[in-house]
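Start from the sequences and build out the full structure, keeping to the hints where you can.
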Amino acid sequence: MSHRTPQPTTADPEFVTRQDFHTAVAAIMELCALLLESRAPRLELQSAICAVDALLASGALRVSGERALGAAVVVLRAMRAERAGGGSGPPSAVDIQAALSGLRAWCGGTNQATMAGEEGVEHAEGGDARASQALQPAGDPVSELELPSEHSLSLSESGPVDPSDSASSLSPSTTRRQSLAATVPIDILRLIFSWLRPDWGYFRKATFLVAACVCRRWTEAAMEFLWENVSLVQPSDVVKFSEAFAREEHFILGPGAPARVRRLFMYFSVDGDVPVNHAAFSSIAMSCRNLKSLDMTTYATPVYLFSLGTFFLYSPNIVAFKFKGKINDVMEDFPLTVAALELFWARDVGKALLAGIGRLKAFEFSIISNTAVATVAALSTAVHVATSDILEEWTACRGIAAIDHVARTAPALTVLFVGPGVTDDDLLLLASTIHTLRKLDLSLSNGALTDAGIIPLIRANPHISELDLRHACISDETLTYLLSHKPLSLLAFNSTATFTIPVLLDYLHCSGSALRALDLDDAELLDMASFIMRFPKEVPALRHIHIPEDCPDDVAVWLVRCIRPRTVFCGADAKKDAILREIPDVKFVWRRDFLEIRSGVMRMCGLVTP
Amino acid sequence: MFHRANLRNNSKNGRSQVGQNRNSKKKPVAKLTLITEDNESFTVCKKVAEMSMFFKNMLQDTEGIPAPFIVPNVSGYDLKKIIEYCSYHCLDTDCPNDNDSLRSRRDRKIGHWDETFVRNIINKDGDPVIDNLVGLTKAAYFLDIPGLIWLMTKSIANTIDPKPIAEIREIFNVPVPSEREEEILQR
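First to last, the sequence lines map onto chains A and B.
Heads up, the first sequence is in the UniProt record's numbering, so the first residue is 1 and it goes up one at a time.
Heads up, the second sequence is in the UniProt record's numbering, so the first residue is 1 and it goes up one at a time.
Quick caveat, the hints were computed from the structure, so don't treat them as lab data.
Computed from a prediction, not measured in an experiment: that's the story for all the values here.
Beta carbons are placed, not taken as given, at the ideal position from N, Cα and C, and that holds for glycine.
Hints are supplied without guarantee of correctness; some may be wrong.
Unchecked claim - Using C-beta positions, here's what the derived DEER-type ranges look like:
| # | chain 1 | residue 1 | chain 2 | residue 2 | range |
| --- | --- | --- | --- | --- | --- |
| 1 | B | Asn120 | A | Thr500 | 52 to 62 Å |
| 2 | A | Arg591 | B | Ile110 | 28 to 38 Å |
| 3 | B | Trp113 | A | His405 | 50 to 60 Å |
| 4 | A | Arg564 | B | His112 | 21 to 31 Å |
Right under this line is the structure:
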């Protein structure tokens with residue numbers, strides 16, 4: 001079979017109606033599964049996918065689930081027509097079924113041909129002629145396809161597929177070696193994979209992707225772990241993901257796949273005023289019943305408050321919820337007002353949202369809205385007042401009522417992020433009641449915090465070991481105080497800090513013994529020479545360092561050579577190259593990864609992943 | 001017939017000597033004879049055998065020591081290693097069990113003895129004899145010994161964790177790349 005790509009002009013993107021849609025999805029997925037399972041030349045599937053990609057890339061079609069699938073049907077139909085030697089007219093669900101039954105017969109060999117033919121007749125009344133045409137190539141599939149012999153598989157030799165031997169079934173060579181991977185039972189594979197650490201990469205998938213690609217048997221076990229963490233990075237991904245449930249029913253994990261999702265991460269950075277599809281959201285919320293963590297960041301695309309509530313209505317196990325985003329409406333045609341909010345809290349979804357927040361261990365909620373400030377404040381206060389005493393990790397936000405409530409009710413708070421709008425007075429309020437902090441992160445604040453609020457909070461929490469002072473206006477006073485505090489494992493600051501270098505060096509000399517990560521961000525270390533001269537020669541635990549962009553190359557090289565860090569972050573590519581020229585084995589990481597690596601924990605949607 | 005050597009002779013660490021030689025008659029303890037599928041026979045103390053939930057349940061069900069018991073699905077080599085492991089660990093009080101969360105299991109370090117135990121399954125070139133690792137894991141899974149399952153799965157995971165696909169395929173003797181990335185990458 002030649003791999004001709006249908007011209008975009010011939011494809012009518014509107015030809016699949018909504019009635020045809022589900023049939024089309026099921027048919028295509030069944031076809032794909034069939035091709036994969038039957039050892040048929042995968043080139044056919046690949047060429048179909050390539051053709052769809054070409055259509056999408058040409059701009060003839062908008063990227064949306066229905067259109068893409070519509071394009072897939074066009075391509076498959078074209079290929080079927082080529083094979084059957086003709087046929088025209090608009091394709092329909094009947095056509096697809098007919099093509100499918102033909103392909104099933106073609107893939108399954110003579111022993112399955114009869115059965116598939118019967119099915120084809122059953123499903124495709126009126127499409128008999130086409131189905132029989134499609135059945136014709138079953139006699140000689142290899143020659144029909146004109147594929148190189150090493151890519152085609154002899155159906156007569158192998159007979160029906162034995163699923164237990166799938167790992168070795170795709171071998172192009174005639175000798176079939178016994179694969180050890182195929183003999184490992186899936187229960188044991190699951191145990192083995194539970195030890196694999198997700199990598200530090202952005203999507204946390206690479207480790208399991210590698211495992212999934214080893215062989216078919218491994219795919220199933222690895223897919224279970226891949227489904228646990230789901231990242232959606234575009235608003236359209238929400239729709240795609242909800243459609244993936246239907247697709248997965250015909251694939252490896254079956255209908256239980258959505259229940260495996262534990263952490264859902266959504267980061268929508270693209271511009272757009274169209275709210276995220278509520279129907280798709282509800283579909284995800286209703287399917288992912290075991291969701292534990294929901295992390296959502298959307299600065300441009302608005303989200304309905306109702307959509308957030310549905311997650312808590314259907315998933316009682318959510319323990320981490322982070323929302324940074326835009327809410328303009330409670331629901332479509334119901335703008336966010338104080339009255340609408342009151343009505344919302346009185347109904348099931350609103351009640352479920354507040355009750356769910358009461359069960360959270362990690363919580364962040366900051367909203368941007370076009371509506372009145374009073375309404376936003378009312379919403380923010382309402383959700384923060386719903387928190388309970390089991391809260392461990394919290395991002396403080398503007399609003400005295402919220403801070404007062406958490407300060408009174410969260411005795412076990414161990415991680416505190418301080419968001420924008422929080423003042424020194426708020427920190428003093430928190431310092432009066434919270435004494436269990438291990439980590440204090442001021443990097444989200446907007447430069448309003450000074451020594452006056454920070455020192456009392458550190459004093460009240462003697463166990464703080466990680467201190468991120470970026471964007472805080474600290475002076476020598478804070479660093480001097482830290483000399484009497486427990487040695488820190490993480491210290492970060494940037495150009496808003498106004499302390500002098502001798503004080504920093506004093507700190508490193510006296511209390512640097514436990515320091516694991518030093519984040520200089522964009523700190524202006526004007527007197528680099530004296531910094532280098534007096535930099536302690538031995539900071540035994542220092543492993544991760546962030547080098548400022550304006551740091552001279554020779555100083556950067558000197559720092560890396562002196563400290564021998566495991567991971568380095570540096571924003572400037574030229575400086576990276578300069579360091580790599582001198583010290584080739586330095587490991588550079590991305591900013592986001594560095595923030596996690598330096599803390600020694602891997603956070604996924606607010607939850608530390610195991 | 002396999003003659004089990006003294007598996008733990010060092011009494012310095014204060015443990016009582018459990019893995020005794022079969023011929024030693026100093027402490028009459030309840031013993032159990034096991035015959036593997038390849039007709040090797042082993043005699044073990046009841047206490048050692050009870051490390052395995054499989055034997056423990058069997059002993060409870062039969063209320064006493066049965067006649068030589070045939071262990072299906074387990075080869076002589078695997079059972080030898082399992083007895084070696086169980087003899088050392090039968091007095092442990094903090095064996096990992098199914099109730100441990102993944103987090104706490106992950107934090108637990110592999111002990112020195114366990115490390116040596118796994119290293120002995122590794123041949124001279126430093127390549128893990130993955131067949132033996134997998135075989136032993138399957139045997140441990142069949143006999144239901146939580147600690148050994150924990151150790152072996154972690155060892156196998158360590159073997160494959162930092163490696164690229166091609167290398168894993170080589171280790172596990174997987175013949176040909178299966179190009180299913182598209183399918184997975186769709187997520």
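Hint by hint, here is what the structure shows:
no., hint, result
1, B:Asn120 to A:Thr500: 52 to 62 Å, "holds, 58 Å"
2, A:Arg591 to B:Ile110: 28 to 38 Å, "holds, 34 Å"
3, B:Trp113 to A:His405: 50 to 60 Å, "holds, 52 Å"
4, A:Arg564 to B:His112: 21 to 31 Å, "holds, 28 Å"
In this structure, none of the earlier numbered hints is contradicted; all agree with it.
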